[in-house]
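Take each chain as given, in its own frame, and dock them per the hints.
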Amino acid sequence: MITSKKRNKIFLFSLIVLGLLFAGLSTYKKYSHKSYATNATSKQAQQCQKCEIVSNVKKIDPQTPIYFTLSDPTKKDQGRGGMHSHGGDYKNESYKAPSKKAWLVYGENNLVSDLNLKTFVFDTTQTQKDVKFDNKMGINAYSFEVPKNGYYNLFAKSEIINDDTLFYRVAKLEYLNGKHGSKDIYNEEIKKELKTDKIKIDLVRLKDDNEDSFFYRISMGDTLRFKATLDGKPLQNADLDIDLNSGWSKNIKTDANGTASFTMIRDYFPSWDRFDKRYKQEMLITLTYSEDQNGTIGDQKYKYINYILTYPMSYYPNSSDYQSYSYGLLVGLFIFALSGIVVYLYRRRRTKPFKEIKYEE
Amino acid sequence: MKSRIKNFINNGDLRRVRFWIQLTTFVLFVYGGYLAINLGSSFPVFSCPYNDKTAATCYLISIQHQLAMPTEVLFSPALISILIGLVTFIAWFMILNKAWCGYMCPFGTLQDWITALRKKIGIRFSIYTQNQFEQLSKIKYLFLIIVLLFPLLIGAGALSNNWSASFCQMCPARVISPMFTGDFSQWSIDFSSKTNMILTTLGISFAALFFVGAFVKKRFFCFFCPMSALHYIFADTSIVKFRKDGSKCTRCGGCYAVCDMQIKDIADDVVSTNILRDDCILCLKCVAACPEDDALHFDILNIKAFSSTREGFEKRMNIGFNKNSEANK
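As you go down the protein sequences, you meet chains A and B in turn.
Okay, so the first sequence: first residue is 0 according to numbering that gives the first Met the number 0, each after it adds one.
Okay, so the second sequence: first residue is 0 according to numbering that gives the first Met the number 0, each after it adds one.
The shape of chain B in the complex, shown without the other chains (with noise of 0.2 Å):
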């Protein structure tokens, strides 16, 4: 029965169970207010609270306008507020790691339906150098230190109040997703300062970005976004992980080849056992493109959850060596 169990998992067609999923996580995160839903304001993804239908709130916000405290009140007790938001954060990133990402998250959602028009378009997808990807991955980095550390300097005096919730200012999830529930307010630039009209025009500016990117480029926005680089802090902490056993592993590249994020370490690594790497979305392609038994898995509390095997390879490429297509032969 286990192994049954295992089988049906191992050889599932992972495409369209993402498709399933990716659908009604983002009907759940976009439209969810219009059901009362709200799972709070620690969400590990960019379920924007400008979309005021929004079923949780992005923790990027919560955390930028709790560091914002004036400094005599960031040490005092209301400090525990921001650690309680920090649990929480950390509480619902445990439970999927940076498959938030490939599974969860509304934006990138929308990233891969519109690869998959440009797909049905007959379009080519472009790729980054590798020097290009290297320089570009560092970017969101930068975005987090702008989501942590301004907060910090508006608190102490630093800052003006124009530079609140700044990241969201730029963001092009601010600007884009209360468009879905037909909201097009965000589309506008706010001239009542130099920074707000710079930042906002930035926003705007990064929103166009966003759809000419994601046409051409997979995922164009996850190489940039702080979320995944505050995700990679905590990996560690998640009960799933991401292992390779590098024993097993031809270096085909048929997993680099799959991989929307251009991460070459799930070919080229074959030293690492724990294989996530910052870019890393956990959408599991790399699994499912594997042909090697159990040369990349996807772990729940140590118990291997999805791996990869030649069946399932076989089956989902539709290559015909499994048991059935020789039958059927």
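Bound-form chain A, shown alone (with noise of 0.2 Å):
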């Protein structure tokens, strides 16, 4: 039994034996407050000597996509398959809340530096919201405020001609904000497709029913399904190009309601001891539609429309490979069975049987 005497004593105890032990552990990952900012400017000026920066967009090739990225692609090691969930740099993410940072990159996670880029927020009322643009060391990078539980849909768009072909390049990411807390509820309304006539062409994610909550992540197996969209209208025909991080890739095409679908392949087999049910890999969808349209921007003219859009996305393994249903009714039959037969042989054995107690006289 604790008293309150007591339970103060041990609860004053518990915190120095806590704090002690926490200071130990810091001083064991040489860790100090005062050093910490110190070392993270040094850490991302040696990395920025090394990154690779494109100094313009114009000077990529028109018909390369560009992408957006939730990865700090200037770290190398963490790159398109980093393995933090909900896609963001957890440490990054943790000061600037509530914001969220992209990259807008192209080939292999290379850094896009232009400012005549055309970019565009809609948050989770679908209202238009400004992006900011942030360049420190010669990195380019976009935020833009997520301070509601939902999704969040971000674009670049980009308008060149190139002999008498403009190529309508857009990069768009759809960021699911969920965070812990909130009092934002999730429900159907959220769903809906956004329609903007900021851009020409779009391609949207059609949510499914269990598709349900602010967390969710899609994983191996799941069905996707995308509609896409040009002028407002469903898109005939066009191509859909899905690129795995880890290899894969395939070709569909978009049919009369503009819409295609497609299976995400298991690509995740590891130990295990190995095995990380976090584990996040990465994927690109690229929409290409070409058509023959004459017009002008500016004094340019153009005869043809080449129209790339590009969609990145983040899966995770499947809960289905490493939760057992099974496995967790067996047990659960099985202790309560033990635990009860335990408990009624235990009352029995105490239970004295009635003896007539009989005196001579």
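Please note: incorrect hints may appear among the correct ones.
Said to hold, decoys possible - Each computed PhoX-like pair below joins lysine-lysine, with the alpha-carbon atoms no more than 20 Å apart:
{"id": "1", "chain 1": "A", "residue 1": "Lys8", "chain 2": "B", "residue 2": "Lys137"}
{"id": "2", "chain 1": "A", "residue 1": "Lys206", "chain 2": "A", "residue 2": "Lys226"}
{"id": "3", "chain 1": "B", "residue 1": "Lys52", "chain 2": "A", "residue 2": "Lys182"}
{"id": "4", "chain 1": "B", "residue 1": "Lys137", "chain 2": "A", "residue 2": "Lys5"}
{"id": "5", "chain 1": "A", "residue 1": "Lys276", "chain 2": "B", "residue 2": "Lys193"}
{"id": "6", "chain 1": "A", "residue 1": "Lys206", "chain 2": "A", "residue 2": "Lys190"}
{"id": "7", "chain 1": "A", "residue 1": "Lys190", "chain 2": "B", "residue 2": "Lys52"}
{"id": "8", "chain 1": "B", "residue 1": "Lys137", "chain 2": "B", "residue 2": "Lys217"}
{"id": "9", "chain 1": "A", "residue 1": "Lys5", "chain 2": "B", "residue 2": "Lys263"}
{"id": "10", "chain 1": "B", "residue 1": "Lys284", "chain 2": "B", "residue 2": "Lys263"}
{"id": "11", "chain 1": "A", "residue 1": "Lys156", "chain 2": "A", "residue 2": "Lys197"}
{"id": "12", "chain 1": "B", "residue 1": "Lys240", "chain 2": "B", "residue 2": "Lys137"}
{"id": "13", "chain 1": "A", "residue 1": "Lys199", "chain 2": "A", "residue 2": "Lys252"}
{"id": "14", "chain 1": "B", "residue 1": "Lys52", "chain 2": "A", "residue 2": "Lys178"}
{"id": "15", "chain 1": "A", "residue 1": "Lys5", "chain 2": "B", "residue 2": "Lys240"}
{"id": "16", "chain 1": "A", "residue 1": "Lys194", "chain 2": "A", "residue 2": "Lys206"}
{"id": "17", "chain 1": "A", "residue 1": "Lys74", "chain 2": "A", "residue 2": "Lys156"}
{"id": "18", "chain 1": "A", "residue 1": "Lys197", "chain 2": "A", "residue 2": "Lys131"}
Honestly, the hints are just simulated from the structure, not real lab data.
As the structure is a computational prediction, the values presented were derived from the model and not from experiment.
Put into structure tokens, the structure is as follows:
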């Protein structure tokens, strides 16, 4: 029995032990608060010296797709295959909350550093908001505020005319913000398709009924459905290229309704002791379409339009790869039966049978 | 007027009042999400967020997530968010003290209903010996250490992320609570790592033990509940106090006999005025069962909100020594 005096002593003692343990661990990790900021800056400066910076988007081949990534491309060790949940670099994200950083890249994580791109973001209520552009140490990053849980759609648009052809490139990123402790409620309204006239071509991921949480993750084995639109109308016969970071790729075409679907393959086969259920892999979906159309931008004329839209996504191992209901049920029933029998036998053993006592007079 | 209200409360049928409060709060905390009720993530009861229809989130899961931040982040302004969570928890807790366990906790209510079922069937309940009680009572502090220490070790890099929310992985409320909204998905074992496999197997085992234990022992799980231990750390901050006037106590043992938690001090300790103990759930059954005027009283802001009275005792026990009974003879 613990009285209040004893409790206060235990509490104080525990705090001291915790404090000592924590200080010990921090010292062990050679951590000190003062030097942390200095270290962080110098690390970034060192990384920047090594990083490959492309001076202008116009120098990139106009047909090369540009796409957003949520992992800092200058950190070579993480790249597109970072393992943090919900697509963020947890350490960077924590300092700048509530905002999300994204980097615009092409090819194998090469940074795009051009200011002539038009960027905009739609928040959870599908209202257009500003995108902040940040250039630190030559590294371009885009950030947008994520005050609420829900879907954010980030766009970057580039229009370049080259040899009578308008290359209309769109980089799109749909980011699902999910933070614990929020009062936001996930409902069907949140899932509705974003319709905007800010871009001519669009690709929308159609959410199914299973998607019912701010913490929803796309898993291997899931069937993904997309809808392509051009000027707000369904886009038929457009090419959809799916490229998984692990190397698998597939090409499909949109149907009369502008929709296309495919099932995610399973491409994660580590041994049990190396299995990580939070293992995040990335993929890129590229929508391409060409049409003959005359037009002008400024004093430049074009006869054809080549549309390229990118849509990056991340995916995780499927829970059915590591969760077992049958074993769970088996363990539950076994413990239930065993404890029930033990209690019954224990009680029965302690029950003394009635004995008639006869006294001889 | 004042004395009439006081008499009305002191002579009331506590059992009935408690039943309705528990039923209401059970519905609120288990199904409140359907009504878009969200009371935040620092709630001092087992309103488990694994049930996504809950109206509030148990503070134990929040604190485990918050303390698991990387060490360098923990020492940054992010610490403010942890302190806000703690202050919110204390603010909620201050209102009711440990009565959160006795009246508000859906998991406690569930145990009371299982007890009622056993009673209806006519099976006798079990009790611990004093020695067993003393030993088992310490387990909740072990769980509290797991709740507070393990996340810090994760943040410091000494433990892997597989230990994330380790108590929740073991907690029977995680397995059982979602069942009330038709979600049985927590009855599964996570084989993604050895750590997760062991923790989730323990969780399912504890859930199975919960049903058997709660059937034969009143408030079986509350002896092991780390939330109860956390409550007791902040018990002095509450506006609610549970006091005893030892000079009025005859040590009849009636209070001990009705105590679901087998707290012996409630009958034996005639020295302490603060009679709240770490296992107490402030159900106030002892106050209702005490025949001595003001020997036990439940105070809010130092005002006696519910006191033991002979008249109330006689009414509740229906032993017919009060005025009405005399008149009826």
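We went through each hint and held it up to the structure:
1. Lys8/A x Lys137/B: holds, 15 Å
2. Lys206/A x Lys226/A: holds, 11 Å
3. Lys52/B x Lys182/A: holds, 13 Å
4. Lys137/B x Lys5/A: holds, 13 Å
5. Lys276/A x Lys193/B: holds, 12 Å
6. Lys206/A x Lys190/A: holds, 7 Å
7. Lys190/A x Lys52/B: holds, 19 Å
8. Lys137/B x Lys217/B: holds, 18 Å
9. Lys5/A x Lys263/B: With Cα atoms ~17 Å apart, Lys5/A and Lys263/B stay inside 20 Å; holds.
10. Lys284/B x Lys263/B: holds, 14 Å
11. Lys156/A x Lys197/A: Cα-Cα ~9 Å, so holds.
12. Lys240/B x Lys137/B: violated, 23 Å
13. Lys199/A x Lys252/A: holds, 19 Å
14. Lys52/B x Lys178/A: Judged against 20 Å, a Cα distance of about 17 Å means the pair holds.
15. Lys5/A x Lys240/B: Holds: Lys5/A and Lys240/B sit about 18 Å apart, inside 20 Å.
16. Lys194/A x Lys206/A: holds, 15 Å
17. Lys74/A x Lys156/A: violated, 25 Å
18. Lys197/A x Lys131/A: Holds. Lys197/A to Lys131/A sits at ~18 Å (cutoff 20 Å).
Checked against the numbered hints listed earlier, the structure breaks hints 12 and 17; every other hint is satisfied.
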